[in-house]
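*Asks:* Listed here are the chains, written in short residue letters.
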Amino acid sequence: MPKPDSLQGSLDLMVLKILSRRPRLHGYAIMSAIKDWSGDVLRAEEGSLYPALHRMEEAGWIRAEWITKDTGRRARIYELTASGKKQLAAEESRWEAVTSAVNRVLRTV
Amino acid sequence: MSLWSRIFNGFRGERLSREIDEEFQSHLEEAVAQGRDPAEARRAFGPALLQLEESRDIRLASWLDSLRADAVFGCRQLLKRKATSAAAVLSLALAIGACTAAFSLIDALLLRPLPVAHPERLYVLAREGMDHRGQFRTNESFEYPLFRQLRAVVKDQAEMIAISYATRTDLTYGSDGQMERAWRQYVSGWMFDSFGLKPALGRLFTEDDDRTPGAHPYAVLSYDYWTNRFGRDPRAIGRTFRIGNTLYEIVGVAPAPFSGTETGIAIDIFLPTMMHGSVTVRDDSWFRAFVKLKPGIVAEPVRQRMLGPYQQVQEERARGYTSVPQEQIAHFLQQKLILEPAASGNSEMQRQYRSALIALGVLVALVLSIACANVANLMTAQAASRTREMALRVAIGAGRWRLVQQMLVESALLAFLAAAIGGLFASWSAPFVVQRINPPSNPARLVLGADYRVLGFGLALTLVVTCLFGLAPALRVSAVRPASALKGGDDPHSRRRTMHLLIAGQVAFCFVVLFVAGLFVVTFERLSHATTGFSSERLLTLDTVARPPQLELLWDQVAEHLRATPGVERVAMANYALLSGNFGGGFILFNGAPANDVLAQFLEVSPGWLDTMKIPLRDGRDFRTDDTVPGVAIVNETFARTYFNGQDPVGKRFERQMWGMRAHFDIVGWVPDVRFHDMRESLAPTVFVPLSEIDLKGAPSPRGSATFLVRTANANPLAMASTLRREVARAQPGLRVSNIRTQRELVDQQTIRERLLAMLALFFAAVALLLAGIGLYGVLDYSVLQRRREIGIRMAIGASAGQIARHVTADTFLMALAGAVAGLLLGVASVRSIETLLYQVKPTDLAMLALPSVAILAAAMLAALPAVLRAVRIDPVSSLRVE
Chain G
1 MPKPDSLQGS
11 LDLMVLKILS
21 RRPRLHGYAI
31 MSAIKDWSGD
41 VLRAEEGSLY
51 PALHRMEEAG
61 WIRAEWITKD
71 TGRRARIYEL
81 TASGKKQLAA
91 EESRWEAVTS
101 AVNRVLRTV
Chain V
110 MSLWSRIFNG
120 FRGERLSREI
130 DEEFQSHLEE
140 AVAQGRDPAE
150 ARRAFGPALL
160 QLEESRDIRL
170 ASWLDSLRAD
180 AVFGCRQLLK
190 RKATSAAAVL
200 SLALAIGACT
210 AAFSLIDALL
220 LRPLPVAHPE
230 RLYVLAREGM
240 DHRGQFRTNE
250 SFEYPLFRQL
260 RAVVKDQAEM
270 IAISYATRTD
280 LTYGSDGQME
290 RAWRQYVSGW
300 MFDSFGLKPA
310 LGRLFTEDDD
320 RTPGAHPYAV
330 LSYDYWTNRF
340 GRDPRAIGRT
350 FRIGNTLYEI
360 VGVAPAPFSG
370 TETGIAIDIF
380 LPTMMHGSVT
390 VRDDSWFRAF
400 VKLKPGIVAE
410 PVRQRMLGPY
420 QQVQEERARG
430 YTSVPQEQIA
440 HFLQQKLILE
450 PAASGNSEMQ
460 RQYRSALIAL
470 GVLVALVLSI
480 ACANVANLMT
490 AQAASRTREM
500 ALRVAIGAGR
510 WRLVQQMLVE
520 SALLAFLAAA
530 IGGLFASWSA
540 PFVVQRINPP
550 SNPARLVLGA
560 DYRVLGFGLA
570 LTLVVTCLFG
580 LAPALRVSAV
590 RPASALKGGD
600 DPHSRRRTMH
610 LLIAGQVAFC
620 FVVLFVAGLF
630 VVTFERLSHA
640 TTGFSSERLL
650 TLDTVARPPQ
660 LELLWDQVAE
670 HLRATPGVER
680 VAMANYALLS
690 GNFGGGFILF
700 NGAPANDVLA
710 QFLEVSPGWL
720 DTMKIPLRDG
730 RDFRTDDTVP
740 GVAIVNETFA
750 RTYFNGQDPV
760 GKRFERQMWG
770 MRAHFDIVGW
780 VPDVRFHDMR
790 ESLAPTVFVP
800 LSEIDLKGAP
810 SPRGSATFLV
820 RTANANPLAM
830 ASTLRREVAR
840 AQPGLRVSNI
850 RTQRELVDQQ
860 TIRERLLAML
870 ALFFAAVALL
880 LAGIGLYGVL
890 DYSVLQRRRE
900 IGIRMAIGAS
910 AGQIARHVTA
920 DTFLMALAGA
930 VAGLLLGVAS
940 VRSIETLLYQ
950 VKPTDLAMLA
960 LPSVAILAAA
970 MLAALPAVLR
980 AVRIDPVSSL
990 RVE
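Protein chains in written order, with this note's numbering: chain G, 1 to 109; chain V, 110 to 992.
These are computed hints drawn from the structure, not numbers from a lab. Be careful, since some hints might not be right.
[Stated by the list, open to error] Computed Cβ-Cβ distance ranges for the label pairs, DEER-style: (1) V:E131 to G:T108: 47 to 53 Å; (2) G:T71 to V:G506: 38 to 44 Å; (3) V:R190 to G:A89: 43 to 49 Å; (4) V:E123 to G:L106: 48 to 54 Å; (5) V:L572 to G:L106: 38 to 44 Å; (6) V:R590 to G:S20: 52 to 58 Å.
[Claimed, not checked] A few chain V positions that, by computed beta-carbon distances, are all more than 10 Å from chain G: (7) E128; (8) R320; (9) E358; (10) P450; (11) P540; (12) R545; (13) P658; (14) G901; (15) P975; (16) R982.
From the three backbone atoms N, C-alpha and C, an ideal C-beta is built for every residue, glycine too.
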């Protein structure tokens, strides 16, 4: 069971989006990307990121590959699959719908 | 895809853990390289083990992982207790194997659909009603002219197909000297088309091959026959063979799986119905009428449609039966037309063995239940010794379901191991039984493929068995209360109650099996010792045919020639051998009026036949060479009892109505009853008449077939078979021996089903008794072990050995007694369903009930002995010091 998280629901979306822009990143790079691109506002916990990555891998949205880094240590890098691209589109439009709905509520009240 | 990868990952769990760990390490390294504090970075990950578990659960099917772990643990548990596990597996294997074998037999004979298109739409037409003996009977034989009318009537809704009874016939591809035997069946030309069969070679019959009587001398071979006789040589097409005087040309080979519709017999040669001699005869019933419904049609309206024309034909036929008793005609007209489903074919073997196989199936199912109860008791006892282990598991957080799963996995391991061995047993035992269904000279041909049906049954059975013996202990284990169990104070009696209940059930089932086995054995005993009234010692029967038919004088010359052959003691002739399955019947009339509605049986015999068969004369004389039909007759005791109040009938006269002709007879001899047609049927009035027949003009009529009865000097009459066959041909080239059997074989054939049933039932009775004994032993032993302390205390305060023995065994014996009573009631209640399989034995016979009771009691005593000895040998001091 994934733990409740402030980023619940948006983590998958962000990971997919990041991988669509910059394929072949490892876990730490994805974490850094979320931090940097959100202007240091959002932070993905390791404890949420890796289960999310593994879940999406099992779902077939992303695929993983082992590469050997310059340091000689192996790293596991991820990239989007075809079904991941579809999923990204679906998640994005869902996110649009949710945020615009929330905005409407905020404006009305 | 995802599920598969998770299942796949389940088999490489170790590697998966390593990979996840490696990814985390690489992450930490990256973080440190970016300038983060190593300790802080590690802390950010949270508890490492939890992380690992979580990622692992995502990436592999956890249920599978736990199942794998349980299987490994279960194997270890089973290996730890080798002896008990082996005993459990073997007894289960025997029972599962027997059940699977019984199923594959029942499936092959009764359930498996014919390999034709839409077998579920196939029905067979039958008449239901009283037969000539006043017995209720279903009869599937029909006459061709009637069939033709019915076919036209239902043309729009169904196709009707005539398929004759399979008969073994002589045929030759060359000269008369090269005669061979093959199973032949006459079939409607459109049968193959209607069954959706495509030829394996050449062509199959069509409607055009079945139009004009006698005009279509073509044959289709079965695939099996083509394989065995011709080695699948395509040149078989176009070859000719001769049956009687007709030359047939082979035009094709039927597809492989189809071997006729007579389950239990594999047909070799199919011929068109138009080639059968009785195809235009109104009163000869010689084939089964199959009805193949068209799509969307139900059976009942089709049957209704046939009723009118059927009744009309019946009445027409009845008008021709002058001088047949009124009751007979009434019975004949009251026969109802019915449609029986025939998806799995229709055969005499099905009729004969249906109830026998089902009874056997029930017996083995009972044996399986007994074996299951044994294993359940074993598991319960073992679960008891593992209470602490289970309590500990619960205490450190195992879920109840997880414990049930673990126990069930262990049971399933046992069951599947047993099923594998059982499968081997079944694959050996089912053909073994099939071999014993028919006499060796005419083996039954049943296809016992280990197909998906049998495999599916075996699998389902194994799962059911697992639940039967595994579920109760598993649920009990899962209900363990750690607090009380770890203190060692769980209620020990509740466990024993279940075990006792199982013991009662076992004894009840065991009683039923023993009881039924006893009935079968006694039936076989009585039937095989039933007197036939003649001696079959050293007696050969030579079925002989003459082409063309020869006069009696010539047949006598052959008999004379045989008498002169060295090693031959006596020779006589009859139109067929006793108990050969043939039957000739006629009604008896006195002064032109029917005496009653009993059909008397007639046998034509030569002078000296009585002597050869060792049938003594009670009064009068044997036939002389100048005696003829009509003229004189010898009758049996039942005949005298039926028509002459048991008085000596010699010198009296009667008339016979047979084949629409009437003949006068003077009774010249009187003999005791002999078995004629069937050992089980009640004795019928029997008339022996001379072989020589004179026609209306007083001229002797030639004879086409007869049976020589030869009593040899040699104790093994079959040793002379080939000599006699040769001598017959030498004495008269026009005569040919078509079949040689010993009279003993004919007698044994009467008891072949009973022998099989008795043999198998006895075997399963022994197994049931053994298993029940082992079960009883196990439970008693366990209860003594569990009550060591209690027994120690009782001894310490002065209980005697006798009291202890009684105390230990009392409730178990009480349960066994209750079980035996239940079994007795069950047995007596169920015996009605096997009544048709019994002969001269009453289920309520005291001996029949006493036998199983004594056997079970003896087994129980024997089983209790070790436990009682162990109990009375308990040393109170040491037993109390244990804890």
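*Asks:* Now, for every hint given, state plainly whether the structure supports it.
*Replies:* Hints, verified against the model:
In this structure, V:E131 and G:T108 meet the distance hint of 47 to 53 Å, their C-beta atoms being roughly 52 Å apart. Our hint of 38 to 44 Å for G:T71 and V:G506 holds, since their Cβ atoms are close to 40 Å apart. Between V:R190 and G:A89 the Cβ separation comes to about 60 Å, which falls outside the hinted range of 43 to 49 Å. Hint check: V:E123 to G:L106, Cβ distance near 52 Å, so the stated range 48 to 54 Å holds.
Checking the proposed 38 to 44 Å range against V:L572 and G:L106 shows it is violated: the Cβ atoms sit about 59 Å from each other. In this structure, V:R590 and G:S20 meet the distance hint of 52 to 58 Å, their C-beta atoms being roughly 56 Å apart. Distance to chain G contradicts V:E128 as a non-interface residue, since its nearest Cβ pair spans about 8 Å, not more than 10 Å. At roughly 66 Å from the closest C-beta of chain G, the C-beta of V:R320 stays outside 10 Å, upholding its exclusion from the interface.
The non-interface label for V:E358 is consistent with chain G: the shortest C-beta to C-beta separation is roughly 66 Å, beyond 10 Å. For V:P450, the shortest C-beta to C-beta distance to chain G comes to about 50 Å, beyond the 10 Å cut-off, and the non-interface label holds. Once the 10 Å rule is applied to beta carbons, V:P540 is consistent with being away from chain G; the minimum gap is 50 Å. Remark: the non-interface label on V:R545 is consistent with the geometry, its nearest Cβ contact in chain G lying 58 Å away (cut-off 10 Å).
Distance check on V:P658: its Cβ is at least 85 Å (rounded) from any Cβ of chain G, clearing the 10 Å threshold; non-interface status holds. With a minimum CB-CB distance of about 53 Å to chain G, V:G901 clears the 10 Å threshold, and the non-interface call stands. Its beta-carbon lying about 55 Å from the closest one in chain G, V:P975 satisfies the requirement of being farther than 10 Å from that chain. Remark: the non-interface label on V:R982 is consistent with the geometry, its nearest Cβ contact in chain G lying 58 Å away (cut-off 10 Å).
The structure does not agree with the numbered hints 3, 5, 7 stated previously, though it agrees with the rest.
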